[in-house]
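S.K.: Put together the whole structure using the sequences plus the hints.
Number of protein chains: 2
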Amino acid sequence: MSTESAPRSERPYDTSQLRSAPSLVMVNTGHGKGKSTAAFGTVLRAVARGWPTAVVQFLKSGNWNTGEEKVCRELGVQWFSAGDGFTWESDDLDESRAKAVAAWEFSAGLIAGGEYRLIVLDEISYAMTWDWINAAEVASSLVSRPEPVSVILTGRDMADEVIEVADTVTEMVKVKHAFDRQIRAKKGLDY
Amino acid sequence: MSTESAPRSERPYDTSQLRSAPSLVMVNTGHGKGKSTAAFGTVLRAVARGWPTAVVQFLKSGNWNTGEEKVCRELGVQWFSAGDGFTWESDDLDESRAKAVAAWEFSAGLIAGGEYRLIVLDEISYAMTWDWINAAEVASSLVSRPEPVSVILTGRDMADEVIEVADTVTEMVKVKHAFDRQIRAKKGLDY
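The listed protein sequences derive, respectively, from chains A and B.
Sequence positions in the first sequence follow this note's numbering and run 76 to 266.
Sequence positions in the second sequence follow this note's numbering and run 76 to 266.
It is possible that part of the hints are untrue.
A pair holds if it fits inside one copy or across any two, identical chains being indistinguishable in the list.
Cross-link-like lysine to aspartate or glutamate pairs, in silico, EDC-like; alpha carbons within 16 Å at most [as the list claims (entries may be wrong)]:
no.	residue 1	residue 2
1	K251	E239
2	K251	D235
3	K251	E236
4	K261	E222
5	K262	D206
6	K249	D232
Please keep in mind that the hints were generated in silico from the structure rather than gathered at the bench.
M.R.: This is the structure in C-alpha cells:
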C-alpha cells in the first residue's frame, strides 16, 4: 500500500510521475459557501507544519468578532484587516477604495518579502471586480513571488488574470443555503 | 451600519426577517477541492466558541500524519478514525465495509448522544455510494438529532437522502488543479 497521496478526493491515480512544487497559488471562488472557510482550513495545515502564515482581510465581516480570527491569532497566524476594512454597507466609496488599495499594497509587500510561507488574501476579488486594484498587477505579483511563498485568494468572480496564473482553482457552488429559508448566520458555524 | 450579518459571500440582504436555527446540517460535496478543508475551517469557528467538537474520518488519508488532525487535537477536538480507516488501495473490501459500518454506528451514537455541538463526518459519502451504510438511515439520524447538534458531512456524490434533509449544501467544482499538471499533494497545504 502506497503512502504517496493524491489530493484526498482525487484518488486513485498513478502517483509515480508526480513532481513537487515549492509553493502553490490557490483560488477559492464561486457564489457558494466555503471559500474563506476552506482557506482557514488550509491555514490549520500550514500552522501544523510550522509555516509562518498571514491572513489579509480585504472585506470586513459584519461580524467583527469572528471565531476564525480568534483561533488563528492564538495559533500564531498574523492577521491583518484592511484599515478598519470596508463593508457592503459603506456609503463612502472613496474611503473603501483607499482601504482596498492600501490592503493590496500591503499584501504585495508581504508576498515579495518572502517572510511568510502561506498568505491568505481573503475576499480580494471584489476589489478587482470594482477596478480598485489592478488584476494584472495582482497576477504579476503572484508569478514573481519568492519560491517558497504559497498564496490563497478568495472571493466571488475572481479576475481571469488571477485564475490564469493559479495552480488550483475551485468554484464553490451553492446547491442550497439555510439563508434562503431566512435562517440567520450562526456563531460557531458561519463566523 | 448593521452588525447583523448574512453569510460573508451572500450580502447584502434584508436581515430583519431572519430567524435563528439551534443547529444546522451542512454538506460539502462535489469533485473539487475544499470539502474537508472547509469543514476543518468551520471546526475553527466552533472551537473558538467553546463548542465540544468531534471529527469522524470515514476514509483514511494516504497521508496518515495530517496537519489538520495534529492542530485539531491540540485545540481539543475529539478525533476518531474508522478503525484503521479504509483506503482506495485496500484489497479487502469486506474489511473496509466492516470499518465503514462501525464508523457509522459510532457516529450515529455521537449524534444521538448530544454531547457534541459540532460533528464532522468526513468523507462519509463513499460509504453510502457503495451501499455499505444506508443513506435513509443517515438522513433519519440527522433529522432526529438533538436540537443543539450541528453536523457537517463531506465527500463526493453525496446521497440524495442526505442532500434533502441538509440546511446548506455546497458543491466544490474543480476549475483546475495542480494535480493535473503532475504536481503532488503538498504538505502544509493539502494535508
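S.K.: Each of the hints needs a verdict: does it hold here or not?
M.R.: Against the structure, the hints come out as follows:
When the C-alpha separation of K251 and E239 is checked against a cutoff of 16 Å, the pair qualifies only between copies, where the shortest distance is 10 Å, while the shortest distance within a copy is 29 Å. For the identical chains of this complex, K251 and D235 are inter-copy neighbours only, at 13 Å across copies versus 26 Å inside a copy, given an alpha-carbon limit of 16 Å. Taking identical chains as interchangeable, the C-alpha atoms of K251 and E236 lie at most 16 Å apart only when they sit on different chains, with a minimum of 14 Å there against 29 Å within one chain. Proximity of K261 to E222 under the C-alpha cut-off of 16 Å is restricted to the inter-copy arrangement: shortest distance 14 Å between copies versus 39 Å within a copy.
Neither within a single protomer nor between protomers do K262 and D206 lie at most 16 Å apart by alpha-carbon distance, with minima of 32 Å and 35 Å respectively. Within a single copy, K249 and D232 get their C-alpha atoms as close as 14 Å, and across copies as close as 15 Å, so both meet the 16 Å cut-off.
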